[in-house]
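Novice: Take a look at the letters that make up each chain.
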Amino acid sequence: GESVGLHLPTLSVQEGDNSIINCAYSNSASDYFIWYKQESGKGPQFIIDIRSNMDKRQGQRVTVLLNKTVKHLSLQIAATQPGDSAVYFCAERGMEYGNKLVFGAGTILRVKS
Amino acid sequence: DAMVIQNPRYQVTQFGKPVTLSCSQTLNHNVMYWYQQKSSQAPKLLFHYYDKDFNNEADTPDNFQSRRPNTSFCFLDIRSPGLGDAAMYLCATSRDPQGHEQYFGPGTRLTVT
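Quick mapping for you: the protein sequence lines, in order, are chains A and B.
So for the first sequence, the working numbering puts the first residue at 7; every next one is plus one.
So for the second sequence, the working numbering puts the first residue at 7; every next one is plus one.
Calculated directly from the structure, the hints in this document are not laboratory data.
One or more hints might be untrue.
Just some of the chain A residues that point at chain B, by a computed CB distance under 10 Å [unchecked claim]:
#1 Y42
#2 G89
#3 L107
#4 V108
Where is the CB? At the ideal position from N, CA and C, for every residue including glycine.
Start from the sequences, fold in the hints, and give me the full structure.
Specialist: Here is the structure:
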């Protein structure tokens, strides 16, 4: 669904620690999910995606986990770096949304040096 | 590098004065999207073009129009900007209309005075 919150949840982590950003999605029939990273003043940047027939996918330093039973998506970032500080959005796609991407509310990640 | 380009990056317009934002892409993607993003919120889809087919979101105000003269370019026209239209406007492209990975431009920050 559409994000309406003005206060994004914030995750603060120490540089070098692992980060886990969570997302609860809306539609049990959604078949495709994406994580985007958005730095201040920039457009969203693709990080990683996953289809509903998978429950885990790994990229470089990132892992996405999908739990369809509870409609939960998470993004794990290994060895978090200051450059990872940004807002992270999950997005889902499904026929009920006309096959368009619907973005979640976003989470702010702050990395402390 | 192939990319999505938005001009200008910052635009100031007066209340009620028409303004046009532009987007171009070198990805040769079939679909181009316009999103509105307000502070601390997720991007909100305004409309998209699949080739020359225009697809408006049901809740997009009539004040917002779009043109796509060719594959590479897409314009967002705001006929009579109000103070509430101040936002970041993001252009994105994708290869197909099923909303798979979308590539975002850097955005245009619109200020209405």
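Novice: Taking the hints in turn, state whether each one holds.
Specialist: Hints and how they fare:
Interface restraint check: Y42/A against chain B, minimum CB-CB distance 8 Å, threshold 10 Å, status holds. Nearest Cβ of chain B to the Cβ of G89/A: about 17 Å, over the 10 Å cut. The hint is violated. Annotation: L107/A was flagged as interfacial toward chain B, and the flag holds, the nearest CB pair being 5 Å apart, inside 10 Å. For V108/A, the interface hint holds, the least distance from its beta-carbon to any beta-carbon of chain B being 8 Å, beneath 10 Å.
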